[in-house]
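Q: Each chain, letter by letter, is given below.
4 protein chains.
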Amino acid sequence: MKVTLIGYSPEPEKVPGMAAMLTHSKTTPEALYGLPDQQTRKVLEQVMELGHTSVIEHTCFTFAISGVSRSLTHQLVRHRIASYSQQSQRYVNLSDPQYVVPPTITEHAEMAAEYEKTMALIWKQYNSLLKLGIPAEDARYVLPNATCTNILVTMNARELLHFFELRCCLHAQWEIRKLADLMLAEVKQVAPTIFQHAGPACESSGVCPEHKTDCPRYPG
Amino acid sequence: MKVTLIGYSPEPEKVPGMAAMLTHSKTTPEALYGLPDQQTRKVLEQVMELGHTSVIEHTCFTFAISGVSRSLTHQLVRHRIASYSQQSQRYVNLSDPQYVVPPTITEHAEMAAEYEKTMALIWKQYNSLLKLGIPAEDARYVLPNATCTNILVTMNARELLHFFELRCCLHAQWEIRKLADLMLAEVKQVAPTIFQHAGPACESSGVCPEHKTDCPRYPG
Amino acid sequence: MKVTLIGYSPEPEKVPGMAAMLTHSKTTPEALYGLPDQQTRKVLEQVMELGHTSVIEHTCFTFAISGVSRSLTHQLVRHRIASYSQQSQRYVNLSDPQYVVPPTITEHAEMAAEYEKTMALIWKQYNSLLKLGIPAEDARYVLPNATCTNILVTMNARELLHFFELRCCLHAQWEIRKLADLMLAEVKQVAPTIFQHAGPACESSGVCPEHKTDCPRYPG
Amino acid sequence: MKVTLIGYSPEPEKVPGMAAMLTHSKTTPEALYGLPDQQTRKVLEQVMELGHTSVIEHTCFTFAISGVSRSLTHQLVRHRIASYSQQSQRYVNLSDPQYVVPPTITEHAEMAAEYEKTMALIWKQYNSLLKLGIPAEDARYVLPNATCTNILVTMNARELLHFFELRCCLHAQWEIRKLADLMLAEVKQVAPTIFQHAGPACESSGVCPEHKTDCPRYPG
Chain A
2 MKVTLIGYSP
12 EPEKVPGMAA
22 MLTHSKTTPE
32 ALYGLPDQQT
42 RKVLEQVMEL
52 GHTSVIEHTC
62 FTFAISGVSR
72 SLTHQLVRHR
82 IASYSQQSQR
92 YVNLSDPQYV
102 VPPTITEHAE
112 MAAEYEKTMA
122 LIWKQYNSLL
132 KLGIPAEDAR
142 YVLPNATCTN
152 ILVTMNAREL
162 LHFFELRCCL
172 HAQWEIRKLA
182 DLMLAEVKQV
192 APTIFQHAGP
202 ACESSGVCPE
212 HKTDCPRYPG
Chain B
2 MKVTLIGYSP
12 EPEKVPGMAA
22 MLTHSKTTPE
32 ALYGLPDQQT
42 RKVLEQVMEL
52 GHTSVIEHTC
62 FTFAISGVSR
72 SLTHQLVRHR
82 IASYSQQSQR
92 YVNLSDPQYV
102 VPPTITEHAE
112 MAAEYEKTMA
122 LIWKQYNSLL
132 KLGIPAEDAR
142 YVLPNATCTN
152 ILVTMNAREL
162 LHFFELRCCL
172 HAQWEIRKLA
182 DLMLAEVKQV
192 APTIFQHAGP
202 ACESSGVCPE
212 HKTDCPRYPG
Chain C
2 MKVTLIGYSP
12 EPEKVPGMAA
22 MLTHSKTTPE
32 ALYGLPDQQT
42 RKVLEQVMEL
52 GHTSVIEHTC
62 FTFAISGVSR
72 SLTHQLVRHR
82 IASYSQQSQR
92 YVNLSDPQYV
102 VPPTITEHAE
112 MAAEYEKTMA
122 LIWKQYNSLL
132 KLGIPAEDAR
142 YVLPNATCTN
152 ILVTMNAREL
162 LHFFELRCCL
172 HAQWEIRKLA
182 DLMLAEVKQV
192 APTIFQHAGP
202 ACESSGVCPE
212 HKTDCPRYPG
Chain D
2 MKVTLIGYSP
12 EPEKVPGMAA
22 MLTHSKTTPE
32 ALYGLPDQQT
42 RKVLEQVMEL
52 GHTSVIEHTC
62 FTFAISGVSR
72 SLTHQLVRHR
82 IASYSQQSQR
92 YVNLSDPQYV
102 VPPTITEHAE
112 MAAEYEKTMA
122 LIWKQYNSLL
132 KLGIPAEDAR
142 YVLPNATCTN
152 ILVTMNAREL
162 LHFFELRCCL
172 HAQWEIRKLA
182 DLMLAEVKQV
192 APTIFQHAGP
202 ACESSGVCPE
212 HKTDCPRYPG
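Protein chains in written order, with the working numbering: chain A, 2 to 221; chain B, 2 to 221; chain C, 2 to 221; chain D, 2 to 221.
This is chain A alone, in the form it adopts within the complex (with noise of 0.2 Å):
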């Protein structure tokens, strides 16, 4: 799994705060724009403590994803407030076996090797019926969740946010709770005041939504 943030919005932090700045006063946006950021980063520090997360919608991240299952990209595309483009399975010729190992299967030596054996025979399989004149979209049938595909992702702040809520969530799959940790740490350092408190539902608001009693996070 490789997560590159390729572009974000310019000025993550003192746009938020501008626009939240301008809901409550007579100011131009221009002269609020000129205002120094410390200023600016101090009415965004306000807002995200009273949960005003709209103006964060204002900055955008893009990034660049590869070497993951399409098991996870099923779920990431699930997130609509987002924009995706990705690999096609239809237009692409996948035949050098790329997939994903669960660590579940990668921990036991024995399971890892029968693994092995059942992806390499897929991959002929697939081969096979590309070879036999079967369209790409068609062979594509047996390549199994673990395939690897490549995805660019872009999301706005405050989806973002919901998107660590739930998916660093110690109860999220671990493919995609791996995904979101890269994803986490490359926005907390280009927009530290925002992402300041982004994590599992239960560090961002100090409540577990689901009530679970039996998380290593919070045993009580």
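One should not assume that every hint holds.
No copy is singled out in the list; a pair is fine if it fits within one copy or between any two copies.
Only pairs whose alpha carbons sit at most 27 Å apart, straight line, appear in this in silico DSS-like list of lysine-lysine [to be verified]:
{"no.": "1", "residue 1": "K132", "residue 2": "K118"}
{"no.": "2", "residue 1": "K3", "residue 2": "K27"}
{"no.": "3", "residue 1": "K213", "residue 2": "K118"}
{"no.": "4", "residue 1": "K27", "residue 2": "K132"}
{"no.": "5", "residue 1": "K43", "residue 2": "K213"}
{"no.": "6", "residue 1": "K3", "residue 2": "K118"}
{"no.": "7", "residue 1": "K118", "residue 2": "K179"}
{"no.": "8", "residue 1": "K27", "residue 2": "K118"}
Derived from the structure by calculation, the hints contain no laboratory data.
Given the coordinates of chain A, work out where chains B, C and D should sit on it, guided by the hints.
A: For chains B, C and D alone, coordinates are given in the frame of chain A:
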């Protein structure tokens, strides 16, 4: 593949018709709602003709879809203005092999036999992993795109028109086109005015947005 | 202000209940739909308790709203996950003065009289502009925020819960709070399980997201 | 009316170009991002030509807009795939009369004088209400649609294309058309490939979706 229209907004054409009237009228909504069907239908026809389709958003349809592949649903859920509830491969043990076979494969007896063998082997592996204590959410990494899934979908009529434009097109992938055709047949019965000209873009708007000169429907 | 629930998804609680079951089951959607109401209701209660509200998106409600101000609708249409059809001030000639009076003004006889006089004058001006041939879309620039309007709104149950959290709050503006309270009363009658705990965030989640220590509801 | 493009995604055309390549390629996103601009631009041109505009969602634009009427913003915020932060009439005391005058009124000296008088009277009333202790959120009920407001808007390029189709049309209301024209001029400078054919539907697609035979642009 099975598609059942399990529910839709009551008065699927009257409400959009009265909605269109409401935008241009002083009359109360309740009085407009009381107008004869033929009057609201006529207005609906007029606004549909003008492409003013916002009023048909008030009409929503819920479909139960089963026996489709995960390839299909990965495409389907990319339609973001809709609501989905899908069978989870994390929580459901899919020990019985249930999968889709593309027609290009079914047509060739030899390939079809190979495909069946591969599926049998994949499921054997999946069940072995489960037996060894691997959680279903990890064992499913070996499961193919072909694996059957169930999904409940709610879309409003405006988004459905867009869905049909893209997915009833001869260039859409065969399985999702089949689904779109079945969905269209269902909604045409209960909302004939709205879906009168529904279908691929070439049919609904008379133009191929992709300028496909190689399309059998519009041979250039 | 008048609010009429003119339509909603049939089986507003059964479909979400079966949707929740479908995600964790091998059973066909049709079979789940055939289960007794009490069984699907129980599952719905469980998932609502866990905050898994995605399934209630399948249930949509359409409200006819009349006699509200344009101040209210300018706020209302900021809720983006919804569908609206509103009386147009471009195309409708609003020659009869119809406007909302805030209670703080009604309470003071003198002010109220002034307010009435201002409204009369504004409408006199509006009608003069129309008479001189100014199009309604320009004459309306003199019309006040108080001007009455009609609007048809369709929202799904999940968005409604969010709407009630924000707009039933004592810190919401009085007119939209009144609307939200009326809408909530309507939907509670037809979907009591879904809206059981609906209301301001302090009620639905037990926490005030704004930490308002000056709120009469939670005097801190 | 003042429109300032205060920010937009870095590499506004390169990212969509590489996004389009990613969907059809085995190459890593990072390698595609490293390609020369002319190569990604060529791909972007091709996909725009085919109407495959999903890739331009990765590019977002933020506009600061001031000196527009509340009539305009009530229309503007109906575009739901966008983010807004608007000056609040609940929290901002708008004691100085600032309002828009429609050109049809400016053109007639006599009417214009009447309009000014009405505005003066309205604001006098507004200020009286404030002085008597009526909260701004209620006093504003007398304020006209013409009242100036400030708003910050973030939209992605795909939604902007749609916005321009509707709002640059000669049948759009004059004020929002003026805004759309100014926004289009701004984005054309920084993303010329994306907005090359942007404008009303007749220009972008060569067809009038409303079949307006009375339009000066397409006199039938």
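Q: Now, for every hint given, state plainly whether the structure supports it.
A: These are the hints, each one checked on the structure:
1. Proximity of K132 and K118 under a CA criterion of 27 Å is satisfied in both settings, with 21 Å inside one chain copy and 18 Å between copies.
2. Taking the closest pair of Cα atoms, K3 and K27 come within 27 Å of each other only across two copies (15 Å); inside a single copy the shortest separation is 45 Å, beyond that limit.
3. When the C-alpha separation of K213 and K118 is checked against a cutoff of 27 Å, the pair qualifies neither within a copy, at 38 Å, nor between copies, at 42 Å.
4. Taking CA atoms no more than 27 Å apart as the test, K27 paired with K132 passes between copies only; the shortest distance there is 19 Å, against 68 Å inside one copy.
5. Taking identical chains as interchangeable, the C-alpha atoms of K43 and K213 lie at most 27 Å apart only when they sit on different chains, with a minimum of 19 Å there against 35 Å within one chain.
6. Only within a single protomer do K3 and K118 lie at most 27 Å apart by alpha-carbon distance; the minimum there is 25 Å, versus 34 Å between protomers.
7. Proximity of K118 and K179 under a CA criterion of 27 Å is satisfied intra-copy only: 26 Å inside one chain copy versus 34 Å between copies.
8. Taking CA atoms no more than 27 Å apart as the test, K27 paired with K118 passes between copies only; the shortest distance there is 23 Å, against 68 Å inside one copy.
Of the hints listed earlier, the one the structure fails to meet is number 3.
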